[in-house]
Amino acid sequence: MSDVSLMVNGKRVSGAAEDRTLLVHFLRENLGLTGTHVGCDTSQCGACVVHVDGKAVKSCTMLAVQASGSTVLTIEGLANGADLHPVQAAFKEHHGLQCGFCTPGMIMTATDMISRHPEGLDEATVRAELDGNICRCTGYHNIVKAILAASMTMKGSKGKAKQAA
Amino acid sequence: MGIEGVGARVARKEDKRFITGAGRYVDDMVVPGMKHAAFVRSPHAHAQIKKIDVKKAQGMPGVIGVLTGKELKADGIGNLICGWMIHSKDGSPMKMGAWSPLAFDRVRYVGDAVVIVVAETKGQARDAAEAVEITYKELKAVVDASKAMDKGAPQIHPEADNNLIFDWDIGNADDTAAAFGKAAHVVKMDIINNRLVPNAMEPRAALGHYDKAEDHYTCWTTSQNPHVARLVMSAFYNVAPENKLRVIAPDVGGGFGSKIYIYPEEIVCLWASKKTGVPVKWVADRTESFLTDAHGRDHHTHAEMAFDKDHRILGLKVETQANLGAYMSLFSSATPTYLYATLLSGQYNIPAIHANVKAIYTNTAPVDAYRGAGRPEATFVMERMMETAARQFGVSPAELRRKNFVTSFPHQTPVIMCYDAGDYAASLDAAMQASDYAGFAKRKAAAANKGLLRGIGMSCYIEACGIAPSAAVGSLGAGVGLWESAEVRVNAVGTIEVLTGSHSHGQGHETTFAQLVNERFGVPLDSVSIVHGDTDKVQMGMGTYGSRSGAVGMSAIVKALDKVEAKAKKIAAHLLEADEGDIIIENGALKVAGTDKNVPWFQMALAAYTAHNLPGGMEPGLKETAFYDPSNFTFPAGCYICEVEVDPETGVTEIVQFVAADDFGNIINPMIVEGQVHGGLAQGIGQALLEGAHYDNSGQLLTASYMDYTMPRAGDLPSFKVSTSNTPCPGNPLGIKGCGEAGAIGSPPAVINAITDAIGSNDLAMPASPSTVWAAIRATKH
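Sequence lines, in order, name chains G and Z. Note that my numbering has the first sequence beginning at 1, numbered continuously upward. Note that my numbering has the second sequence beginning at 1, numbered continuously upward.
Keep in mind that the hints were calculated from the coordinates and are not lab data. Given the structure is predicted, the values throughout are model-derived calculations rather than measurements. Mixed in with the good hints there might be a few duds.
[Unchecked claim] For lysine-lysine, the following PhoX-like pairs were computed, each having C-alpha atoms within a straight-line distance of at most 25 Å: (1) Z:LYS56 to Z:LYS275; (2) Z:LYS137 to Z:LYS89; (3) Z:LYS212 to Z:LYS274; (4) Z:LYS70 to Z:LYS137; (5) Z:LYS89 to G:LYS92; (6) Z:LYS122 to Z:LYS16; (7) G:LYS11 to Z:LYS16; (8) G:LYS155 to Z:LYS16; (9) Z:LYS721 to G:LYS145; (10) Z:LYS56 to Z:LYS73; (11) G:LYS145 to Z:LYS16; (12) G:LYS92 to Z:LYS721; (13) Z:LYS73 to Z:LYS137; (14) Z:LYS244 to Z:LYS537; (15) Z:LYS137 to Z:LYS122.
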């Protein structure tokens with residue numbers, strides 16, 4: 001057993017975990033953050049994507065002890081109180097989800113993708129960058145649409161923020 | 001249509017919890033004292049179990065119980081069953097072999113459950129499962145249905161000689177032979193429909209909880225139909241009587257058919273909870289899902305189609321071998337028979353049809369309904385045949401189809417179905433226009449300049465949904481009725497709960513069902529809650545599959561709403577001292593037509609519950625129940641056109657355009673309907689280009705992870721052009737046909753027709769991977 005100490009969704013948390021415990025299991029089972037899902041055993045599906053120190057990471061590829069000391073953002077911490085994050089809002093508006101199981105990972109991947117492309121995104125880039133996230137329900141059509149729309153919104157709001165400054 | 005009513009593109013109510021990580025799936029459930037299970041599974045495709053030694057495992061850290069099939073049998077737990085009786089053409093009943101939830105004498109496929117281990121943690125359960133020692137005597141295995149009936153093939157179940165489960169036929173052999181006798185042209189093809197793994201993103205899971213004090217069981221399970229699960233577990237598996245068994249299917253992460261069935265794990269977790277005295281949770285890992293979820297398709301077919309000199313179809317002969325795997329799953333017998341061969345008339349006038357289906361055991365995972373269930377297999381046969389015929393005759397594929405379309409309704413086919421309404425030419429025209437079919441030659445030439453082979457292919461599908469009139473399916477062998485139930489509860493403050501026997505696992509029922517209520521009573525969507533998936537809340541229901549929740553589930557709600565409306569109008573008429581026939585419901589109030597006299601909806605509801613001033617003899621309250629049994633199947637249909645570019649150097653296929661033109665009848669929420677089509681298309685295109693479950697000859701599944709089984713990813717697919725041109729279904733009050741499976745049914749032949757058009761070879765197996773396409777191109781050059 002090892003001690004694991006993390007900043008998760010803005011809160012300092014700690015706990016003991018078996019050395020073999022993956023970050024995703026620590027989040028789900030120790031912290032009760034069940035929005036992060038496990039969809040495969042081979043780090044292929046992306047249902048478990050969270051942000052570790054600002055980068056999108058499949059939380060099944062990392063041991064909890066490895067993540068100790070890091071800052072983690074999960075789907076539960078993405079919205080600003082009652083205000084949805086623009087990516088969450090876009091997934092809802094554009095019907096970018098059906099069963100909802102892959103959705104948290106998709107949204108965490110999308111927010112990371114958008115922040116890495118402040119210049120904006122096109123369909124081919126979005127599709128290429130979604131390679132590590134599998135959805136079985138939507139055929140990706142509306143996920144791509146939602147990410148493109150969120151990218152536009154966030155670019156717009158940044159522009160406005162800059163103007164205001 | 002109001003902004004939240006029928007026909008409106010309303011964003012989904014249920015999304016809030018899913019996009020914020022607050023969905024509640026079975027693996028998210030925690031019950032006090034809950035422990036974790038791991039299953040020990042057969043590593044062999046076919047073997048005798050000589051000895052099971054659990055001593056070492058029992059002594060491992062954290063282990064609470066290690067239980068075997070012998071103990072399960074001793075406690076009277078029953079075998080799994082197939083619930084649809086099929087009779088062979090000689091009149092004999094299907095030969096169903098025994099399927100124990102835990103194998104105790106023989107294993108029949110890799111993944112067959114043998115032992116359950118319950119431990120404090122998931123890790124400890126897995127460690128202990130590794131320590132269970134089972135001695136097997138390996139037996140010869142067979143995985144290919146076409147070889148399973150050969151002399152010398154291993155006998156898998158003593159009940160089924162030569163592994164033949166049934167030899168069934170439909171249609172008229174003599175009429176068909178006579179039609180072929182008159183034929184000017186005969187088109188013949190051998191067609192394989194590849195085996196698929198459904199792969200809902202949420203792996204199957206079960207949490208069984210036995211409450212000793214109450215002698216009562218609760219099962220949280222990843223089910224598309226929790227009531228059927230309770231019924232079957234109670235009536236056939238002797239888990240507990242229905243009043244002592246509650247089944248809850250909370251948020252379920254996709255099903256696509258694979259979560260219809262009752263699997264060994266939920267039965268064993270319930271039983272193990274009683275044996276060990278703790279709640280027991282099991283969650284499949286992905287490889288377990290690949291090994292043990294019911295697979296789909298796996299047909300080998302020989303088909304012949306007879307045409308007259310004017311290219312009108314005279315007759316169709318079909319011989320199909322269906323691989324049902326090692327055990328008969330719950331509806332496995334219906335999928336390759338009544339859900340398949342009854343659709344072999346396609347969209348066409350075919351005077352004579354005869355189809356023969358042999359269902360065969362092999363040492364592979366059980367095969368059952370997967371999105372489309374029999375109808376994709378039928379459509380693939382029909383639409384590959386039509387395309388091939390057009391090429392052989394040197395005529396336009398569109399015009400050959402158009403010439404043979406059914407154009408007057410009702411239309412009785414020679415294979416049971418009576419099509420009620422449709423306009424197949426309208427869908428064909430819409431698809432041809434949307435795809436700029438006329439401009440294809442130019443695009444092909446432009447592609448050729450880039451060194452690419454461009455091809456176009458179409459598929460005109462029909463399916464039977466809304467399954468189905470109970471008496472009809474009963475006469476065909478179904479063990480259950482296929483009606484649906486609804487209960488509408490108007491609360492004293494006017495808010496409404498709708499309890500439905502349908503189950504939503506991505507379909508958006510919480511929104512579309514509420515739109516129906518909004519349309520009728522003007523109550524805001526936010527004041528309407530849809531309750532489903534819990535046998536303690538909803539009395540009975542048949543669940544969601546076969547695109548039936550709209551046509552059947554919502555029709556039940558309409559019936560209940562009719563009753564609520566009638567009583568509400570009586571109350572309002574009494575309060576307003578008006579005639580009941582003059583009351584209309586508008587803008588959230590009950591009004592006397594043509595006057596300004598009205599009572600708000602919530603006041604009427606309150607009056608129903610205060611009961612201070614009700615019409616004489618009326619019972620207080622406002623709650624109504626209805627059961628709806630459809631009068632016919634529904635018949636969604638449409639035309640899909642796929643355009644591809646193939647790189648002849650690599651065999652890589654790119655789908656450059658995909659057009660879907662569907663007829664779904666009336667539509668409640670176009671946004672959700674389009675989403676259903678997109679998802680179906682992705683699965684159908686996945687089947688055509690990428691997906692295939694492969695066993696080696698010893699019965700090991702070679703494609704048992706996402707490293708080996710190619711799931712469609714975003715970069716494999718284009719954006720889709722979808723549209724609908726709808727003819728209302730005359731068979732149900734809403735005119736709905738259903739949209740859940742169309743994409744998966746119609747798309748595979750469109751893709752393969754496009755690739756074969758591009759490469760100039762008609763011989764191409766699914767999945768048309770780059771190596772398969774490359775080899776097919778090379779073969780045309782020799």
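Hints, one by one, checked against the model:
1. Taken as a hint, the LYS56 (chain Z) and LYS275 (chain Z) pair is honoured in the structure, with Cα atoms around 19 Å apart against an allowance of 25 Å.
2. A C-alpha spacing of about 37 Å is found between LYS137 (chain Z) and LYS89 (chain Z), which places the hinted pair above 25 Å, so the restraint is violated.
3. Proximity of LYS212 (chain Z) to LYS274 (chain Z) is assessed by CA-CA distance (about 8 Å); at most 25 Å being required, the pair is judged to hold.
4. About 18 Å separates the Cα atoms of LYS70 (chain Z) and LYS137 (chain Z), which keeps this hinted pair within 25 Å; it holds.
5. About 52 Å separates the Cα atoms of LYS89 (chain Z) and LYS92 (chain G), which puts this hinted pair outside 25 Å; it is violated.
6. Under the criterion of a C-alpha separation no larger than 25 Å, the hint pairing LYS122 (chain Z) with LYS16 (chain Z) is inconsistent with the structure, at around 30 Å.
7. Proximity of LYS11 (chain G) to LYS16 (chain Z) is assessed by CA-CA distance (about 23 Å); at most 25 Å being required, the pair is judged to hold.
8. At most 25 Å may separate the alpha-carbon atoms for a hinted pair to count; LYS155 (chain G) and LYS16 (chain Z) meet this at roughly 24 Å.
9. Simply put, LYS721 (chain Z) and LYS145 (chain G) have alpha-carbon atoms about 13 Å apart, close enough for the 25 Å limit, and the pair holds.
10. For the hint linking LYS56 (chain Z) to LYS73 (chain Z), the alpha-carbon distance of about 23 Å falls within 25 Å, and the restraint holds.
11. For the given pair, LYS145 (chain G) sits about 18 Å from LYS16 (chain Z) by alpha-carbon distance, which is consistent with the 25 Å threshold.
12. With a C-alpha separation of about 21 Å, the suggested pair LYS92 (chain G) and LYS721 (chain Z) falls inside the 25 Å cut-off, and the hint holds.
13. The suggested pairing of LYS73 (chain Z) with LYS137 (chain Z) holds, with an alpha-carbon distance near 22 Å, which does not exceed 25 Å.
14. Between LYS244 (chain Z) and LYS537 (chain Z) the alpha-carbon distance is near 14 Å, which keeps this suggested pair within the 25 Å criterion.
15. Distance hint between LYS137 (chain Z) and LYS122 (chain Z) is unfulfilled; the C-alpha atoms sit about 30 Å from each other, more than 25 Å.
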